[in-house]
Amino acid sequence: MKPRGPGLLVVGNLSITLAAGARYILCSWIVLQRSGISSAPVWLLVAEMLPGLLFTRVLGALIDRHDRRRVALAADTVRVVALAAVAVLSAVRGPWVGALVVFAAVMGACDQLSTPARTALLRALVSDEALLAATTRISMSTQLGTLSGVGLGGLAAARLAPAAAFTALAGCYVLSAAVLMCLRGARTAPADSTTPEGDPDGPGSQPARAQLRAAGGLRSPFVVVVVLSALLRTYNSLLPAFADSVLRLDSQRFAAVDAAFAVGSLAAGAFLLGRTANAPVQRAAHLGLAALAGCTALFALSGGFAQAAIGYAAIGAGFQTMTLYQVRCQDLVPLHHYGRVFAAFTRIGTIAVLLLYALVSVALTWTGPVAVYLLLAVALAALAAVQGPAAPLPPPAAPTAAEGTQPTEQTR
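So that you can map any letter, position 155 of the sequence shown is 154 in numbering that gives the first Met the number 0, and since no number is skipped, the others follow by simple counting.
It should be emphasised that the hints constitute simulated quantities derived from the structure, not laboratory data.
Wrong hints could be hidden among the right ones.
[Unchecked claim] Label pairs and their computed distance ranges (CB to CB):
| id | residue 1 | residue 2 | range |
| --- | --- | --- | --- |
| 1 | Arg33 | Leu286 | 23 to 29 Å |
| 2 | Arg158 | Ala213 | 50 to 56 Å |
| 3 | Val369 | Leu31 | 38 to 44 Å |
| 4 | Gln32 | Arg208 | 43 to 49 Å |
| 5 | Val87 | Val369 | 18 to 24 Å |
Treat the numbers as computed from the prediction; the structure is a model and nothing was measured.
Where is the CB? At the ideal position from N, CA and C, for every residue including glycine.
The task is simple: from the sequences and hints, build the whole structure.
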């Protein structure tokens, strides 16, 4: 039977990223207003990260042991119930800061389940040749959803009662769950029914270390994805201080610079559509890292609104390099190991984000955002040098007999 395309998963991803962007803005605004503490929104970020730090092995085992579609569907169901509960609480007694922090932790745990499960679904539903284009579409939908969600979250905070806003967000996850229900025709369970602990070919108790060793150590694409993911959040956290203290932009121009990132990312994504992750494309990916380093340096030295907008758009385009490395990571991980491996790297990425936040905070007390951006450019240049144009590409993981020779053989 002809493999399914990624269209349904793209729609679902657009829906949940829109809800995530709006949820963060809405909850941050409520927590800030209710507590009167300027750093209160950080509580939400920490609460969302905790499940990925504390329950990595449990969440990864759940994903590998059970049907991935049902895991993602269960995560969406819990999200709907949590949002409905917060909506009722908001209608009865008003939003409560403690409840929103707990709510953020629940949503973070659902994200840790949903994201690897959906990645495994994508791998099962498209052919190897279409994987790059499908992953690019997912990345573009993430940019569109996040950008739209942030704007809608601000609008909801200003115009809607909290109960109505949370109810509307629940509708986004209902749509995502409906999309997953439409995937009934695909066999999305793991390749075998053994538990992760009883899998002799599994990555063991340290899946990240085993996968790094099998994929080339420091030249592994997993290293690039973890570093770029951590840097992406750091760029976003630095932008307000840079726009205010260095560029002296008002709120509208700051929003325009922020939006330029998504524009550049979408333009680069459109360029990647229709291409396959063949060896020449993968070998050229290191040029994207070098270009991203250069664009970061130029952005740090920009002297006005126009230069900053163009520079940030170029940075957004450069971050699409991560899509190429994400596809390579998907190629290297056997489908029945997805949950454990990607949950482990999610934990590493979370730790990397926290460390970078701490380092950036210290750096900002000694210098300004310009110097920090330049340091990030140096770090990216070093990463590109480690990868190098001649970095060997490890062969994709050999499929097991239960998986077959192509991911598309898991559809029926």
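Do the hints match the structure? See the list:
1. Arg33 to Leu286: 23 to 29 Å: 48 Å, violated
2. Arg158 to Ala213: 50 to 56 Å: 52 Å, holds
3. Val369 to Leu31: 38 to 44 Å: 28 Å, violated
4. Gln32 to Arg208: 43 to 49 Å: 44 Å, holds
5. Val87 to Val369: 18 to 24 Å: Hint violated: Cβ distance 47 Å, outside 18 to 24 Å.
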